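A.B. asks: Chain by chain, the residues:
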Amino acid sequence: MRILLWKLWMGYRIFGPIIELLMAMFRPFAVAMYRMGGPIVAQMAGMILISAVVAVCVGVWAHAMLFGFVDESILATAASAGVELTGAFSYVSPATWGLTPSQIAVQLQQVGGVAANMSGVAQYLLWPVQFGIVRDLVGLGALMGLFNIIPVYTIWWERKVAGRIQSRLGPMRVGGWHGWSQSPADGIKLLLKEDLIPDGADAPLFRLAPYFNIIPSALAFVALPFGATYVFRELDVALIFILGVLGVEVLGVMLAGWASNNKWSVYGAMREACQMVSYEIPLGMALLLPVVTTGTLNLTKIVDAQSGGWFHWLVFSSPFAFIGFIAFFVASLASCKRAPFDLPEAESELVAGFLTEYSGIRWSFFFFAEYAAMFVVCGLAAILFLGGWHSPLPASWGAALGDAWYARGVKGLLFSGPVWFVAKCVFLLYVQIWIRWTLPRIRIDQVLYACVQVLLPLTMLMLLGTTVWVWASTSECETWAMVTAITRYVLGGIGLMFAFAFPAIAAYGFYHRRAMVGNLVQDAMPGS
Amino acid sequence: MTNTKHNLTSCLLRLVVAGGGVLLFSSQAAFASEASGVTNAAAPGGLLEAALFYFVALVAVVSSLGVCFSKDIVRMAVWLFGALGSVAVMYFLLAANFLGAIQLIVYAGGTLILLVFGVMLTSKSPWVKFECPKIEMLFAGIICAALLGCLCIVLTDATWAGTMQVVPGASVEAIGKILITKYLVPFEVAGVLLMIVMVGAAHLARQDD
Amino acid sequence: MADTVFEASPDTMIDYDSSQQGDLRTEEMLINMGPQHPSTHGVLRVVLRTDGEMVLEAIPHIGYLHRCAEKIGEAVQPYQYVPYTDRMDYLAGMNNNQAFSLAIERLCGIEVPPRGETIRVAFAELNRIASHLVSLGTYGLDMGAFTPFLYCFREREMILDLFEAACGARLTYSYITPGGVHDDLPASWVERCLEFLDYFETKISDYNNLLSFNHIFVKRTSRVGVISIDDAIGYGLTGPCLRGSGIRWDLRKTAPYDGYENYDFDIPIAKPGGTDEIPEGVIVGDCWSRYWVRVLEMTESVKIIRQALGRLPNGDFIAPKMKNIKLPEDEVYVEVENPRGQLGFLVAGDKSAIPSRVKARGPSFCNLCITEKACKNVMLADVPAIIGSIDVVMGEVDR
Amino acid sequence: MTPEEVCQILKSEFGEAIEDALLEGAHPCAKVAAHRWGEVATFLRDDSRLRFNLLRSITAIDMLADDKLACVYDVMHIPTDAPAELVTTTIIFAVRIEVDRNAPSIPSVASLWPAADWHEREAFDMMGIDFPGHPDLRRILCCDDWVGYPLRKDYDFPLEYHGIPATTEFELTNPRH
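Residue numbers (the numbering used here), protein chains in the order written: chain A, 1 to 528; chain B, 1 to 209; chain C, 1 to 399; chain D, 1 to 177.
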């Protein structure tokens, strides 16, 4: 061991200066890039935002085309060889499908047009895509990218929203346009901070705890579908898989609280355990409503069942689902320890709860995990109740567009695509943030009362009701069909009212923003 | 280390307990394979899967040993998480996705949390040593030896023929059907047992009022 | 490191004796809440003995901010001592100045000119609003509601701007001095103040909608930390804490000073839930009542300020020759109604220009001593609720 | 009720125990013998004519010239029969107790007025007056290991505390020291 360390040290002695020289060269380059990029972003923020969204869409679309094409090639080749493939392209597929570049070239020739002209190069470029490991690496890259970007920008957005709610501006400086690089800058700061481990803490557990928190929340993204084909692993039990890994996250919090050797931390951990264990039950109950309605645990199939447009979203399918959705949202707030259920880190009671002794990157791991988990539960809510990646328009209308490449793009933007899923998630995230900055925190006994006495019976009742509803819907009775249809449209109408009310209120607030704060604020306060 | 000998016996005891745990898991695995419709027909395993399996198995063994040899209850719980989690991964490898997820929810996310929670609530100091009277150890030893014997019998009697083929997608419905047909009585008994536990817990909690 | 930590010792074992008797008790813990804690409003330290989430006992320890204010009083002349009073209850500097100035005036028999008196009343009431705004905001913060805090501070900033315009300081004013106020009002100050009052009155309903009548807030604060009338008086509680227990007692009415008898205003007191838009579940003497009294007092203060500004007489604002006054060989004890209660100053003179004894009776000091009684057998989350509703300023507790 | 009347009542009730009635000046009070203070305090609080239920303040005063320490108790009556009624008058009174500076001891009234608890601790902390009968008489503002009573006129400010050096700038401003 000592020799190894010595070798490492000698290696550093030799290569260290070179690395440092490279870094020294890179540093002004990075600074110059930032200085050049900052003003551009500041001036063209709107355009950059739009083009980023478009670029992401195009990237996703291209990626889907690529993979889809190779899949079709495999199927076609197999069909020409007389082999029937079933089970398709999941993780139990063999390491290779034995496709040769020339077979791909044949397929490309069949497509014709640009693809045929490019087939000489494209056949070799597409050839590695058939390997599961290559696909997995691409998928993992996307997954980790998402897992990094989502929390970073959710934090930024939370700060912006909180600022606006509190009649201030939120981050404005770092990077120029509305502090767009505030969160990355914070991340760099946290990376550079001292990794402090208190005396008397259980050091191994203290170091381990953040990983118990961040890995499960990253794992949840494995099974969370962003679109019909945009899922890293389409599990048949994705729903309970996500519930399970999010449940493991609690262990990280508990270990953090325990290992810190701080009584406030222990309190935070105990509250977390108490809250999580109780709220997982109503959460699970509420999750069962769509499962009972659609008869599957597969998230993709649950979304497919809601492809009929606004009025066919599961939240409007029955009054029970409508109330169940609200119960689910409340329980999901509790399971993400978001206000008003942020008891584990209640800063006015427990200093910072389980986070009290943490600093630097380990501290930020907890925040990454929290915001990622927020996104996951919002995604679950969108998938289970709000039609997932389908737009309010029925997907069947989009089918008429055909299957050309531009038609796929239009369908993705207008009818069903990851954009819609992300938009719904962002809206639900906004509601979470909005609630956090509006409501006081509730007390632990009230938390448990709300769970055991209110949410649990409510969700049980809703589950029972949904079961009966679904059972009744299987009958051929025409009156009942009418009742379900009327319910659907009435609830959908209520939802529509909300859907229009939000932007209407927001627009009102935007146009009257100066009058609402009052004349005196405009004159007297800085920044107005 | 004041009482090394004592620690050794208790560690051995825990080893036996862990053996019982493995028995439990293997029985679950047997149930899983039945439920997920795994047959003994030959199927390609894949090098990656094999490597993953051996890695996970190693993790399971090491963490079980960790449960036995660590002196601190919370660290034991962390090791236990390693064991339970790796068993969950094994379920996933067996395409028993449902069981894997349930393993995560029930054991890793539920039981283990409650265990740590209990330790936190009742401990006097942050680091609690696990210790029990000798008579209890004796009884526990006898029970664990019996369990170990059972495990050995299962190990020797089981037919380890062939590799297994995976039939994905069928597990949830298959489990549901088995639970309310073939295993209806044990299912209901377990439900009643849990009910009794709940009533008992409520009774204990309300006693001091 | 691990070996030393995990070394087993007899007292680290689980206490099996009690568990064998079927007593599944949880472990009692001693926790230091403070002196550095977000919700002890300064450097208060409360030692909590807890059983799980229940607080069995809470013993406050004070003195972390002791700055020998009384000893300094025996070393400086009264007009030099006024800045020290600012630093006692630093959220209500004007009222502190007023109390000390009144004590010196009573001791030396100084007559304050009417303009000075009226300005004093206006500033004292403005400061009362500012202080209550901080109290409201931080109480919301204690309950986990962040947003009302910023709204309250937004309005408080405006009051501080008004103060700054009049005396140049935003926190430690020393504006009210023995004999009157040390400067006249600047031009158009009255108009600015009236504009602020118009604006502020509409904002109180914002706080009510956001915080006061918030269901969670009411649930968190009602029926918590109930202080009976007898306890309140016995422990020497004054101000909103006393009125929160349902007694209509305010020195501005019962022992008027600076001409308060000439103003028309009400003394709001706590009422049980269900009456006068007070939410159900509230009982007299709980945290919500104390909070609510402060909200109502802000409206009354606005009334008083309007009257004061309306009748602002012309003339001198300070009695002449206020420096180097010789204090008679006598003592005086004067109390005024501070935002937090009755602030008393006992000043003893001995024919020199420097007092021989200055004693400040801080309302926070007296109000805080009920913590030990009020925080018995409550939940952990109630401790910030109770301490916050008592609304202490540690600068005044420790002086 | 004026302080004069209160003094009358006290004198008729306790006679010798009321050493003096200091009614001139801005702070009228009765001077009470320290050893009878417990009874007088009980009477002040409980007598139906007086009912001084609010102990406003306890002020310890160092009378270095007379070699005495004085304690001034300010009390007030808050009517509780009809709490919602607005009262426009106050009944206030003060009691002054002077004790030997070398062995100052005054019976505690913390059991009568709980408010006296902290006030008496403060007087003990700052002036070193002992209050026999107090439930928990220890320093309140200074640290538990502080030496001396800071508000006494002959107090010497320590120039060092646990290795922390201290300055006495006030020596420059205060001619007495």
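Simulated from the structure, these hints should not be mistaken for lab results. Small disclaimer: the values here were computed from a predicted structure and weren't measured. A virtual CB, placed ideally from N, CA and C, is assigned to each residue, including glycine. Don't take every hint at face value.
As the list claims (entries may be wrong) - On the chain B side, residues computed to face chain A include the following (Cβ under 10 Å):
#1 Val78
#2 Ala101
#3 Ile113
#4 Phe117
#5 Lys134
#6 Phe187
#7 Val189
#8 Gly191
A.B. asks: Please list, smallest to largest, the hint numbers that this structure does not respect.
C.D. replies: Violated hints: 5, 6, 7, 8; rest satisfied.
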